[in-house]
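Student: Protein chains in written order, with this note's numbering: chain E, 1 to 129; chain A, 1 to 136.
There may be inaccurate statements among the hints.
Some, not all, of what chain A presents toward chain E, calculated at C-beta under 8 Å [claimed, not checked]:
#, residue
1, Leu-48
2, Met-90
3, Gly-120
4, Leu-122
Only some residues are given here: those of chain E computed to face chain A with a beta carbon under 10 Å [what the hints assert, rightly or not]:
#, residue
5, Leu-50
6, Thr-51
7, Trp-103
8, Val-129
Note that these hints are calculated values from the structure, not bench results. Virtual Cβ for every residue (Gly too), placed ideally from N, Cα, C.
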Amino acid sequence: MANVGKTMRTPLRRVRYLGSARQGTGESWLVHLTATALVPLTIAFVWLVLTLLPKDYNGVRAELGHPLPALVLLLFVLVGLYHMQFGVRAIILDYVHGHAREWALIVNAFFAVAVGAACVYAVLRIGFV
Amino acid sequence: MASTESTSAPPPSRPLSPHLGIYRLTLTMIMSGTHRITGMGLCVGVLLLAWFLISASMDASAFAIFSAFIQSIIGRLVLFGFTWALLHHMLGGVRHFIWDSGRGLDDPEREQLAQATLIGGLALTLIVWAIGYAVR
C-alpha cells in the first residue's frame with residue numbers, strides 16, 4: 001500500500017481479479033454433490049467387499065461380472081476420485097507454495113485420472129473379457 | 001490473472017490474525033485435522049482397491065499375490081486403516097452436512113457431533129470387521 005497516495009489507483013484496483021468472484025461456490029458445490037453421492041456409494045462398496053471376502057479368484061470375477069456390483073464399483077471409484085482430487089487440491093493450496101505447488105497439483109490431477117482409468121479398465125475387463 | 005504490481009508490492013506490516021498455534025487444542029480442531037488426514041489416507045486406500053481390481057482382471061497368479069498381501073498382518077493393518085479412514089471420513093462428511101443445514105453449530109451440539117463421529121467411525125469399523133471375520 002506504499003504507493004497509495006502517489007497514484008490514482010484505488011485499493012480495489014489492486015485486489016481485482018485476485019479473488020474467486022462469482023465462481024467461488026462452483027467447486028464447493030461439486031465437493032458437496034460428490035460427497036452426497038458417496039454416502040450411499042460407500043455403504044454399497046463396503047457391503048460389496050464383505051460379500052467378496054469369502055470368494056476365491058473365480059468367485060470374485062463372477063460376482064464383479066454382474067452389472068450391479070460392477071456399477072457400484074465404477075461409480076464409487078469415479079465419484080470418489082473426483083471428490084478426492086478436490087480435497088487433495090485444497091490441502092496442496094494450503095500447505096505447498098512456489099513451484100512445488102504446481103508440481104503437486106499436476107501429480108494430484110494425474111494420480112486421479114491414472115487410478116481412475118486403471119480401475120475402470122479393470123472392471124470392464126472383468127465384465128467383458 | 002494477477003497484475004504485476006501485486007508481486008512487486010512491499011510486504012504489508014499490518015497485524016495478522018492469531019494463528020491456530022495459540023489456541024487451546026479442542027476436539028473439533030482434532031476432528032478437522034483427522035478429516036484431512038483420513039482423506040489423504042484414502043489416496044492410499046484407492047491404490048489398494050486399484051491393485052485388487054487389476055489383479056482380479058488378470059490371471060489367477062496375479063490375484064494370488066494380492067490375496068497373499070491382503071491376508072498378511074501388514075495387509076490386514078492397511079485394510080483396517082482403510083476401513084476406518086473411509087467410515088470416519090464418511091461420518092465427518094455427514095457432520096458437515098448437518099452443519100450446512102445450520103444445525104449443530106452451538107456449544108454442546110458441536111462437541112457431541114465430534115464425539116459421535118469419532119466413536120461412530122471406530123464402532124462402524126469394528127462392526128464391519130466383525131461381519132468380515134464371520135462371513136469369510
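Student: Can the hint on Thr-51/E be confirmed by a CB-to-CB distance to chain A that is less than 10 Å?
Tutor: holds, 8 Å
Student: Can Leu-50/E be said to touch chain A, with a Cβ gap under 10 Å?
Tutor: holds, 6 Å
Student: Any CB of chain A closer than 10 Å to the CB of Val-129/E?
Tutor: holds, 8 Å
Student: Holds or violated: Leu-48/A as interface residue toward chain E, Cβ cutoff 8 Å?
Tutor: violated, 11 Å
Student: Does Met-90/A hold up as a contact with chain E if the rule is Cβ-Cβ below 8 Å?
Tutor: holds, 5 Å
Student: Please verify that hint: Gly-120/A, Cβ, nearest Cβ of chain E, below 8 Å or not.
Tutor: violated, 13 Å
Student: Interface hint check: Leu-122/A, Cβ to nearest Cβ on chain E, cutoff 8 Å. Holds or violated?
Tutor: Hint violated; Leu-122/A Cβ to chain E Cβ min 15 Å, cut 8 Å.
Student: A closest beta-carbon separation below 10 Å is what the hint needs, so does Trp-103/E meet it against chain A?
Tutor: At about 16 Å, which exceeds the 10 Å cut-off, the nearest Cβ of chain A leaves the hint on Trp-103/E violated.
The structure is inconsistent with the numbered hints 1, 3, 4 and 7, although it conforms to all the rest.
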